[in-house]
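> Generate coordinates for the entire structure from the input sequences, incorporating the hints supplied.
Protein sequences appear in the order of chains A and B.
Mind the numbering: the first sequence is residues 128 to 246 in our numbering, read in order.
Mind the numbering: the second sequence is residues 29 to 170 in our numbering, read in order.
Each hint should be verified, as a subset may be incorrect.
What the hints assert, rightly or not - Below are the DSS-like pairs computed for lysine-lysine, each with C-alpha atoms no more than 25 Å apart in a straight line:
1) Lys227(A) with Lys38(B)
2) Lys49(B) with Lys151(A)
3) Lys38(B) with Lys49(B)
Stated by the list, open to error - Simulated DEER-style distance windows between Cβ atoms:
4) Pro154(B) with Asp171(A): 26 to 32 Å
5) Thr126(B) with Lys246(A): 26 to 32 Å
6) Glu104(B) with Ala173(A): 52 to 58 Å
7) Lys100(B) with Lys206(A): 49 to 55 Å
Because the hints were derived from the structure by calculation, they are not lab data.
As the structure is a computational prediction, the values presented were derived from the model and not from experiment.
Backbone N, C-alpha and C define an ideal beta-carbon position, used for all residues, glycine too.
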Amino acid sequence: MSNPTNVLNISDEAGVKKITFMQKSIIDEVVIHQIGKEIVAVIDGAAQPKVLISFNGVDHLSSAALGVLITCHNRVRVKNGQLYLSDISKPIFEIFKITKLNKMFQIADTSESAMKNFK
Amino acid sequence: MRSEPYIQNKTLTDLRTDLQKVQEGVALALIQNGYTDFAQFAIRLCLEESIVNAFRHGNRSEPGKVVQFHCKIDHESAEFQIQDEGVGFDPAGVPDPTAAENLEIPSGRGLMLMRAYMSEVEHVAPGNMIRMKYKNGPDPAQ
Numbered sequence: 128m129s130n131p132t133n134v135l136n137i138s139d140e141a142g143v144k145k146i147t148f149m150q151k152s153i154i155d156e157v158v159i160h161q162i163g164k165e166i167v168a169v170i171d172g173a174a175q176p177k178v179l180i181s182f183n184g185v186d187h188l189s190s191a192a193l194g195v196l197i198t199c200h201n202r203v204r205v206k207n208g209q210l211y212l213s214d215i216s217k218p219i220f221e222i223f224k225i226t227k228l229n230k231m232f233q234i235a236d237t238s239e240s241a242m243k244n245f246k
Numbered sequence: 029m030r031s032e033p034y035i036q037n038k039t040l041t042d043l044r045t046d047l048q049k050v051q052e053g054v055a056l057a058l059i060q061n062g063y064t065d066f067a068q069f070a071i072r073l074c075l076e077e078s079i080v081n082a083f084r085h086g087n088r089s090e091p092g093k094v095v096q097f098h099c100k101i102d103h104e105s106a107e108f109q110i111q112d113e114g115v116g117f118d119p120a121g122v123p124d125p126t127a128a129e130n131l132e133i134p135s136g137r138g139l140m141l142m143r144a145y146m147s148e149v150e151h152v153a154p155g156n157m158i159r160m161k162y163k164n165g166p167d168p169a170q
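Written as structure tokens, this is what we have:
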């Protein structure tokens, strides 16, 4: 059974909030809800948020998880912040391509390359 | 040696626990019938989307309402039928989530993913039943 209190690792690297997932699969509704709540709190807690969401180790996500990411994107945009996604596996990137969200999100191959893009 | 078809007819009463059981049974059957990693990924995603839709949108999360699940998996194809107790919907009326004006709307992508990954998707009138089929074979070019 999923534990919704342990869903994310959040660290601060040079002013960028780096977020990684503690679950391999981001499909459970309760987990997705908690993920959304925690990422939104990070975004709302910064005047001009710089957020990197790494999918390292994630092998599955659902459309509900995409919804959370879109909400995060919209909130960051409203605050003139920056949001990058990175370390997306090939099967999951396919989901982004099908839904054309690869055109909306800023996506880097790795966390390291994403970090270089923050201004 | 080829496995016997995996056939399941279940009444799902709880989204979380029943979905997990369905996914576990299907995953094993797909492996036993030689489905690729890509196929397993695709089918898992589509089952997730369709069963969540049935409980959340079809049954509107009303307690006591159930979802009927049927599947048949053999080495040629994996077929699924999911029916909720809702009034149904018109799939043609679902906005295209990839349209520029809809791209930033957080919902409405499940149906599109099912259509993209499955070989066949059929909505049975009045729209409270979906049939999906995945034909086993080499992975599509990505």
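> Is the hinted range of 52 to 58 Å satisfied by the C-beta distance from Glu104(B) to Ala173(A)?
With Cβ atoms ~53 Å apart, the hint holds.
> Verify the proposed pairing of Lys38(B) with Lys49(B), using a straight-line Cα cut of 25 Å.
holds, 10 Å
> So does Pro154(B) sit 26 to 32 Å from Asp171(A), Cβ to Cβ?
violated, 42 Å
> Given the hint that Lys227(A) pairs with Lys38(B), does the C-alpha gap stay at or below 25 Å?
violated, 35 Å
> So if I understand the rule, the pair passes when the alpha-carbon distance is 25 Å or less; does Lys49(B) with Lys151(A) pass?
Holds: Lys49(B) and Lys151(A) sit about 18 Å apart, inside 25 Å.
> Is the gap between the beta carbons of Thr126(B) and Lys246(A) within 26 to 32 Å?
holds, 29 Å
> The hint says 49 to 55 Å between Lys100(B) and Lys206(A); measuring C-beta to C-beta, is that right?
Given about 50 Å between the Cβ atoms, the range holds.
The structure fails to meet hints 1 and 4 from the earlier list, while all remaining hints are met.
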